[in-house]
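There are 2 protein chains.
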Amino acid sequence: MKQWFTFIYGLGLLMCLRKLAAAISLLFILAASTGAQTKTVAERLGYPADAKLLIVHADDLAVAHSVDAASFDALDKNAVASASIMVPCPWLTEVAAYARNHPDADLGLHLTLTSEWKIYRWGPVESKDKVPSLFDPAGYLWPETVLAAAHIKPEEAEREIRAQVERAVASGIHPTHLDTHMGTLIATPDLFAVFVKIAHEYNLPFLAPRLLGERGKLLSLLSEKDLVLDSVVMANPSVHADAWKDFYTSAIRDLKPGLTEMIVHLGHDDAELQAVMTDHPDFGSAWRQRDYDFVTSPEFKKVLKENNVILVKWKDLGKLLK
Amino acid sequence: MKQWFTFIYGLGLLMCLRKLAAAISLLFILAASTGAQTKTVAERLGYPADAKLLIVHADDLAVAHSVDAASFDALDKNAVASASIMVPCPWLTEVAAYARNHPDADLGLHLTLTSEWKIYRWGPVESKDKVPSLFDPAGYLWPETVLAAAHIKPEEAEREIRAQVERAVASGIHPTHLDTHMGTLIATPDLFAVFVKIAHEYNLPFLAPRLLGERGKLLSLLSEKDLVLDSVVMANPSVHADAWKDFYTSAIRDLKPGLTEMIVHLGHDDAELQAVMTDHPDFGSAWRQRDYDFVTSPEFKKVLKENNVILVKWKDLGKLLK
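Residue numbers (the working numbering), protein chains in the order written: chain A, 1 to 322; chain B, 1 to 322.
Hints in this document: simulated from the structure, not taken from any laboratory.
Model, not experiment: these values are computed from the prediction.
Among the hints, a few may not be true.
Which copy is meant is left open, so a pair is good if it fits within one copy or across any two.
Derived DSSO-like pairs: lysine-lysine, alpha-carbon spacing no greater than 27 angstroms straight-line [as the list claims (entries may be wrong)]:
1. Lys-118 to Lys-77
2. Lys-197 to Lys-128
3. Lys-52 to Lys-130
4. Lys-130 to Lys-153
5. Lys-322 to Lys-305
6. Lys-315 to Lys-302
7. Lys-301 to Lys-225
8. Lys-305 to Lys-52
9. Lys-301 to Lys-313
10. Lys-39 to Lys-130
11. Lys-128 to Lys-118
12. Lys-130 to Lys-313
13. Lys-315 to Lys-52
14. Lys-128 to Lys-153
15. Lys-130 to Lys-319
16. Lys-118 to Lys-39
17. Lys-130 to Lys-256
18. Lys-319 to Lys-153
19. Lys-128 to Lys-301
Can you build the whole structure from these sequences, using the hints too?
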């Protein structure tokens, strides 16, 4: 039950904490409608059934140079195992150059249907004429998950995320997994169906939470091979800046057997990122600096070791789909 | 003759110093084909015919936060009089917010058909399928003026720059003038014709050099009201970093009667701009820091005063069109 709340809360945060109630109600629909896996991911990877597997994952690559610099550094130091890329964002070319120079890096796509910052916006990859429902009145992607979920036509979401995958591949990125920026692609059953369809089409593992694996009408969308996360660890605004390390170390001590993803948002608290994240302390530049400081700290390595956490990557999971 | 070379050289630099020979050959065509104005701009503005008028102009707003921050600061201090905005670039929304909060600011549009940096790229404002000739093979605007000029269909250039004007207006910007990033819209007679057409349509003054006003086949494009610049002052790679102030102060001392635009490229030499301008010291982040340092220095104010330079804005010129 705790994991359930943790996950719902985390997704709400991904949606920028706005319209949380509406987002949760959408998730309830999903939670009631999916099916169970018969074998744990740990067993499928050759570990004991009660192993504690953790993917340490950095979100939002390509959104800003500051995020890229911090994330590349954390990847290079093995402080994070995996990361995902926002293809419509201005710094995609920087990330593509990194991907080409680091062919072993575990980089997925953070499929993006929203543009949430105040003075720094982006549009879709697909031709505007082909995806009109993706645009807010200002001419950019919708700023909030609930607005995106309410307005986007599923066939246009499919067109756009296929364009994002194709653009990434064309730029030399070989994605190891797919996930979804601000949870938009798990915000409604129709959008989730698009997400699953594209993931299956490209034969990639994707972020599907355990809650979606219980029972119900979406069961048929998940194949026997599909993987589900048992829980997600992510900082949230109730965590005081001074308690950042305590939050993460406690979460790692409390890890249950199963597959957990720890989602971090890395960046440097510099002029660029402060401007991108103007008026938005949650998931802002100081937040991202704290995440960066924690994952690159010796305390993080120590607590992982002390708690017998097995670090895995999305590409390990991808091998199960072959 | 010196002015002529200065201008040709300046435009070559605007084109990032690549393919200079090809660019100059295009300009020769233009230089041989335009007509003369009958009255000087100084006279039309009510100054003596031999007045030295200077527009101190910052280019490239919206390309990066670092450029915006330095340019807003210089505008606020009256260190520069005017600036122009790259509408397709990621930070447009930041500039639009500044424009709405500073309705008297003299802001024009730096019409953009190129995307020249290595790891930070952008596309057009118009729907992709309506402007296919604007794209390089990587899916962004062409990186060089000569490539853009060789590939872009004039009717698609017109569609795109009209979309840029409309996007700017919709975001709350009231442009006072139009100019052209990297000189693309003055690189061929066909593109120049599009530039003039759009400027006339919106009744805005635009950057037309004296060279275009001599004689020839483009004469019919310029109306009696259109304004032409007599010369352009801009730093170039032959200027050593230590001689930056000397270059500008000498240029101001050497100003001839007529209308001159001093084009500066402002920015801070910080992590963001160093990354945007990777592998490109010409017009790079240190260059932009030097330009910022010079225009905000007391020496700049002093040399302008000592040389009886009359500072004007594009919106002063715009009044002549009403």
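Comparing the hints with the structure gives:
In this homomeric assembly, Lys-118 and Lys-77 come within 27 angstroms of each other (Cα to Cα) only across copies, at 25 angstroms, whereas the closest approach inside a single copy is 32 angstroms. Taking identical chains as interchangeable, the C-alpha atoms of Lys-197 and Lys-128 lie at most 27 angstroms apart whether they share a chain (22 angstroms) or sit on different chains (25 angstroms). In this homomeric assembly, Lys-52 and Lys-130 never come within 27 angstroms of each other (Cα to Cα): the closest approach is 44 angstroms inside a single copy and 52 angstroms across copies. For the homomeric pair Lys-130 and Lys-153, the shortest alpha-carbon distances inside one copy (11 angstroms) and between copies (22 angstroms) are both at most 27 angstroms.
Taking the shortest alpha-carbon separations for Lys-322 and Lys-305, neither the intra-copy value of 30 angstroms nor the inter-copy value of 74 angstroms comes in at or below 27 angstroms. Taking the shortest Cα distances, Lys-315 and Lys-302 sit within 27 angstroms of each other inside one copy (24 angstroms), while across copies they are farther apart (63 angstroms). With identical chains, the CA atoms of Lys-301 and Lys-225 are never at most 27 angstroms apart, being 31 angstroms at best within one copy and 71 angstroms at best between copies. In this assembly of identical chains, the alpha carbons of Lys-305 and Lys-52 lie at most 27 angstroms apart only when taken from the same copy (12 angstroms versus 73 angstroms across copies).
Proximity of Lys-301 to Lys-313 under the C-alpha cut-off of 27 angstroms is restricted to the intra-copy arrangement: shortest distance 16 angstroms within a copy versus 59 angstroms between copies. Proximity of Lys-39 to Lys-130 under the C-alpha cut-off of 27 angstroms is found in neither arrangement, the shortest distances being 41 angstroms within a copy and 50 angstroms between copies. Within a single copy, Lys-128 and Lys-118 get their C-alpha atoms as close as 21 angstroms, and across copies as close as 25 angstroms, so both meet the 27 angstroms cut-off. When the C-alpha separation of Lys-130 and Lys-313 is checked against a cutoff of 27 angstroms, the pair qualifies neither within a copy, at 35 angstroms, nor between copies, at 41 angstroms.
For the homomeric pair Lys-315 and Lys-52, the shortest alpha-carbon distance inside one copy (17 angstroms) is at most 27 angstroms, but the shortest distance between copies (66 angstroms) is not. Proximity of Lys-128 to Lys-153 under the C-alpha cut-off of 27 angstroms is found in both arrangements, the shortest distances being 14 angstroms within a copy and 20 angstroms between copies. Taking CA atoms no more than 27 angstroms apart as the test, Lys-130 paired with Lys-319 passes in neither setting, with 34 angstroms inside one copy and 41 angstroms between copies. Taking CA atoms no more than 27 angstroms apart as the test, Lys-118 paired with Lys-39 passes in neither setting, with 44 angstroms inside one copy and 47 angstroms between copies.
Taking CA atoms no more than 27 angstroms apart as the test, Lys-130 paired with Lys-256 passes in neither setting, with 45 angstroms inside one copy and 53 angstroms between copies. Proximity of Lys-319 to Lys-153 under the C-alpha cut-off of 27 angstroms is found in neither arrangement, the shortest distances being 32 angstroms within a copy and 47 angstroms between copies. Within a single copy, Lys-128 and Lys-301 get their C-alpha atoms no closer than 45 angstroms, and across copies no closer than 47 angstroms, so neither meets the 27 angstroms cut-off.
Violated hints, in rising order: 3, 5, 7, 10, 12, 15, 16, 17, 18, 19; the structure is consistent with all others.
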